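Produce the complete structure using the sequences and hints provided.
The lines below spell out each chain.
Protein chains: 2
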Amino acid sequence: MPATLPALEDHVDVLIVGAGPAGLMLANWLSRFDIKTRIVDKRGTKIFNGQADGLQSRTLEILDSFDFVDRVWRESNHMIEICLWNPDENGKIRRSDRIPDTIPGISRFQQVVLHQGRIERFFLDSIKEHSDIAVERGVLPTAFEFDDAKAADFAAYPITVTVRTLSEEDAMPQQQQQHHKNDDGQEAPVSDGLFRSNLAADDTDDLIRAAETNARINQAESIKAKFVVGCDGAHSWVRRQLGYKLEGDSTDYIWGVLDIIPITDFPDIRQRCAIHSASAGSVMVIPRENKLVRLYIQLQATEHGQNGGKVDRSGITPEIILRSAQQILHPYKLDYSYCDWWTAYQIGQRVGNCFSLKERVFLAGDAVHTHSPKAGQGMNVSMQDTYNLGWKLAHVVKGYSDASILKTYETERKQIAQELIAFDHRFSRLFSGRPAKDVMDEEGISMSEFKAAFEKGNEFASGIAVNYSSSVIIAKQSDAKVQSNQVIGKQQLATGIVVGKRMPSVKVLNQSDARPWHLQELLKSNGRWRIIVFPGQLATRTNMQRMQELGAKLGAQDSFIRRYTPLEQSFDSVIEILTVHAGSRKDVELLDLPEAFHPFDNKIGWDYWKVYADDQSYHEGHGQAYANYGIDSAQGASIIVRPDQYPYRLSSL
Amino acid sequence: MPATLPALEDHVDVLIVGAGPAGLMLANWLSRFDIKTRIVDKRGTKIFNGQADGLQSRTLEILDSFDFVDRVWRESNHMIEICLWNPDENGKIRRSDRIPDTIPGISRFQQVVLHQGRIERFFLDSIKEHSDIAVERGVLPTAFEFDDAKAADFAAYPITVTVRTLSEEDAMPQQQQQHHKNDDGQEAPVSDGLFRSNLAADDTDDLIRAAETNARINQAESIKAKFVVGCDGAHSWVRRQLGYKLEGDSTDYIWGVLDIIPITDFPDIRQRCAIHSASAGSVMVIPRENKLVRLYIQLQATEHGQNGGKVDRSGITPEIILRSAQQILHPYKLDYSYCDWWTAYQIGQRVGNCFSLKERVFLAGDAVHTHSPKAGQGMNVSMQDTYNLGWKLAHVVKGYSDASILKTYETERKQIAQELIAFDHRFSRLFSGRPAKDVMDEEGISMSEFKAAFEKGNEFASGIAVNYSSSVIIAKQSDAKVQSNQVIGKQQLATGIVVGKRMPSVKVLNQSDARPWHLQELLKSNGRWRIIVFPGQLATRTNMQRMQELGAKLGAQDSFIRRYTPLEQSFDSVIEILTVHAGSRKDVELLDLPEAFHPFDNKIGWDYWKVYADDQSYHEGHGQAYANYGIDSAQGASIIVRPDQYPYRLSSL
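Protein sequence lines, in the order shown, are assigned to chains A and B.
Number 390 in full-length UniProt numbering belongs to position 390 of the first sequence; there are no gaps in the numbering.
Number 367 in full-length UniProt numbering belongs to position 367 of the second sequence; there are no gaps in the numbering.
Worth double-checking, as some hints may not be accurate.
Stated by the list, open to error - Examples of chain A residues toward chain B, derived with CB under 8 Å: (1) R137; (2) I263; (3) P267; (4) V588.
Stated by the list, open to error - Computed far set for chain B versus chain A, every beta-carbon distance over 10 Å: (5) E9; (6) G444; (7) E459; (8) L554.
Derived from the structure by calculation, the hints contain no laboratory data.
The structure displayed is predicted, hence computed values, not measured ones.
Every residue gets a Cβ at the ideal spot worked out from N, C-alpha and C, and that includes glycine.
Below is the structure:
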């Protein structure tokens, strides 16, 4: 990788522009395949504090599929309970409700909070462990060409991006904002907290000018790419090259953010809280790791002070933001000695009109959806964009798949972006509105309506609710009509599994060593499609007979598995077969099953990690897989699962 | 730390000789205190494969208290089920029993297996994170002096150890033993697998001679120490300086060890198995991480070939060991292409006659107990030796404790060593003996007796059964007589907690954020004593009243907590108070409890991590702490817990 001394021209399979969460997720996915990838970022350093922090249950499942969720789980603050605070009849705030933060049972992970910089660190470590891809920082794209004639040829490099290396000085944003109050309680001088806020102007053009006038290290490099993915944020340079737009609007609501170690008598400071004061505005409390608490604080004074369009930034300081919080939390006291980060933003929702140029250039993350940060969605939806895209790109580059699967990126992710924006639009207005004094107060917000929106939002916010529409890689039951009498999409075969929604997880026991695993832990993100066979009770002769026949078919020299798998690769390298049988481990011997279910290798013998039992464990209970998945243990079922853990179709055996 | 260019003289609080598991555990403990520690090892490198691998539940609890058990849990192979295989009436081996490997409910961790080199890596990372202690490798102690006149003065340095640095060549053992069989099935040339086996001679004297004749880098350094701990193995140089002995005997039983990726049709190769063949000897199967399996294989041919005393090593090769295994496993086939490590050893049991010289020099690990490896005990008991010793040394060095606590090292750990040796003596004979053909076969081993020993062994092998005797830091109920009518040792106050046995763990909810924690997770190894207050239901006025009085007493300027805590240190730095109240989190507000239970700090506000509830969690059930600990929620109790998680005494409130 020419990270330090770039050649004048390079050819890559994928060029990623932007090394935030979306870009890093993509680089991480691609690190699992042997395809040439480069990732550049105009910033000279990674971030150290502030920014996004919320991680959905679904995001944690994805990070687990890349083998590093344990680092997140350990360092993060776990969000367990939400408290709603409203004004009582005297206008004093009081706790009105407690609700669980993550809906119980929805996932094996609960929502957690951890600073974006740590997530990025874990991605970087994971990328390094699996590849020689390295983030090239302080590298700015300055020119873009697209050769339309090559767009349909997937061996060709239709895109040319010119990049230039910034001087260290230009590439370093002033991001250090931590400050302690002086002993007299006055603020120590602080730097600008708004440099990445949506109240700040885009600095890309300034950086390009700086690069062009910097003769010393400013060597232009021309990168020819099969694919380019713009993960370069709300001011996306890639989006600008394509001429695409973010569509939507802004509100007048301005919110400040403080990451502080609070000194307070407010009793729920270590809970997630939504606090509506009678007339001073609202606060969201997000307890963080390392004793920090993030406060989202509505800034009423600033709203009144603005005169259309962008707000005057100069009036916003940590002291002003704190004062607003103190008014909202009154009569409780709030102060701090240590502030880790602060910013402010104007609430708005926008979504990209187009996510791709001919399935060769893609946009992801903030480049195609921006909204208010309070719902803890931004970083998650951004990472999930490229989690959706990564394996598709890789499979097309490797020749495993037809390029038509790339169209599903826009159909699947634009739907999610629109749902997100709609949710945030409604939610942020409910949050920023004044609580209704009584049922006659029509301008006020009903607190019961707010609570209902909050609870509904929780399901959305888990990321588990995502339900992709029918496509070449989502075969829902309703499609069966179109596809004549093929045995696909039989949703009733597994009533607990929804084609289009990620595979739910329950514990199963490894047949060979009795160890319990969450089924999802077996669905690692390594690019493989999977057939999960649920053969039912194997003690039943007919089920065993059916399993023998299936094994013979799958293992045959002309089986579709061998057809899709390059000759030099192992049997399970493109499509892996997993089995979960009903009933006791003790009644089944692994070696009685056909080889297709536990492939043999001359050097390492049988594969002991493919067959599982839906059985009682010694230490961790019974997963009840058949019951939870709604599969009849007499009839069985098989499920084809995409490399990103979404069931593609259900079939009978 | 003078790791590279040693001064001619140095003064240290603690000098550790030997950087195996016992030495590293001790260095790791001491890294949590600010005391001057050096650790030297005569070997030039850490180990990369082979050696010990079994980790008990109790060891995992300890590693969790140092914050890195997650790395072990993730990489290790989990041992879930044991299968016993015996000859049937025709002499063919068959599976006779399945039993759980770790007794269900005994710990939140089950026994796992992971290569010693990884454990050592985790210790090194942990030590580095908390201190500037660095293992000095290739550094050999060559002279020892003890100034008896200074033995009682704990400010003095009574011990002088001279150390010399070995040349790289001398310090590097030939430990690379991995080999693949050639394509014709013949062994590739392999190096000597026995260099650290008890069949090999002690090489310390050779190394000392090498050091003395190596003029180039051989600068002698004189280290003056308050304490020296010999963690330098079965051939302990420190033990030799003290003139102490290992007492015990050897057997005629020789066993080989193979770490291989097996190619086999033996159905339980991924289970822990104890296999007795009719007349070809026994095999223990230990499935390992990375598809490896460790086989302990009885070598009958070699036994017959020996002529008293040490066995002829030259006859032992991986091929010979494999052939024995094939005979024992017949009619199942066994072969391998890849061998990671191999060795052989002669079964024997020995225990040190003395563990300490005047509580200034201590011996730990293999220096005071050696036995056969099959029970998976050695590395565990060795680490637990220094886990017992570390905090005591640190507290005496720091002046927190009277030196009398150091005497408990020998009383506590010699008892364990003797139990271990007795267990291994019995167990290894049962394992190496020929199975009885029938009840009349008096020379044969009864397989039901073996099974009973195995099951009993499992409790011992978990490390949870350890029960320390009464001492200045273990106040059992029976001691109450001696200590008149003081309210100590009231075992009936908490029938589920045994003074002398490690504090059992159940889940409790953090009062401030509802997060469930295993109580043991709150007992981090940071050197603090802890008072765990179980005040019962705080909704009851009398219980709350009692809590107020207790808080006032503990928080008072003349409380024993402040008396034991240096003035400049925080209130909880030597003795920490944790509270677990009965009943609902929702009925209690943290700030209604006295400050002693949630200390205030000017810079960071209240402490939200001291008070817990025995309540239902949203996602992880109900820990039933009062019920499990056998504490009456009307009466309550308080438990003083040592820094190593052992309850010191129970009291009423």
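Does the claim that L554 (chain B) lies off the interface hold, with its Cβ farther than 10 Å from every Cβ of chain A?
Answer for L554 (chain B): holds, closest chain A Cβ roughly 22 Å.
Determine whether the non-interface label on G444 (chain B) survives the test: each CB of chain A must be over 10 Å from its CB.
Non-interface label on G444 (chain B) holds, nearest chain A Cβ at 28 Å vs cutoff 10 Å.
Residue hint V588 (chain A), partner chain B, criterion CB-CB below 8 Å:
violated (10 Å)
For E9 (chain B), which was marked as not at the interface, is the minimum beta-carbon distance to chain A over 10 Å?
holds (42 Å)
Can R137 (chain A) be said to touch chain B, with a Cβ gap under 8 Å?
With Cβ-Cβ at 26 Å, over 8 Å, it is violated.
Could you let me know if the closest chain A CB is still more than 10 Å away from the CB of E459 (chain B)?
holds (15 Å)
Does P267 (chain A) pass the interface check with chain B, least Cβ-Cβ distance below 8 Å?
Holds. Min distance 5 Å.
With 8 Å as the cut and Cβ atoms as the points, is I263 (chain A) at the interface with chain B?
holds (4 Å)
Checked against the numbered hints above, the structure violates hints 1 and 4; every other hint is satisfied.
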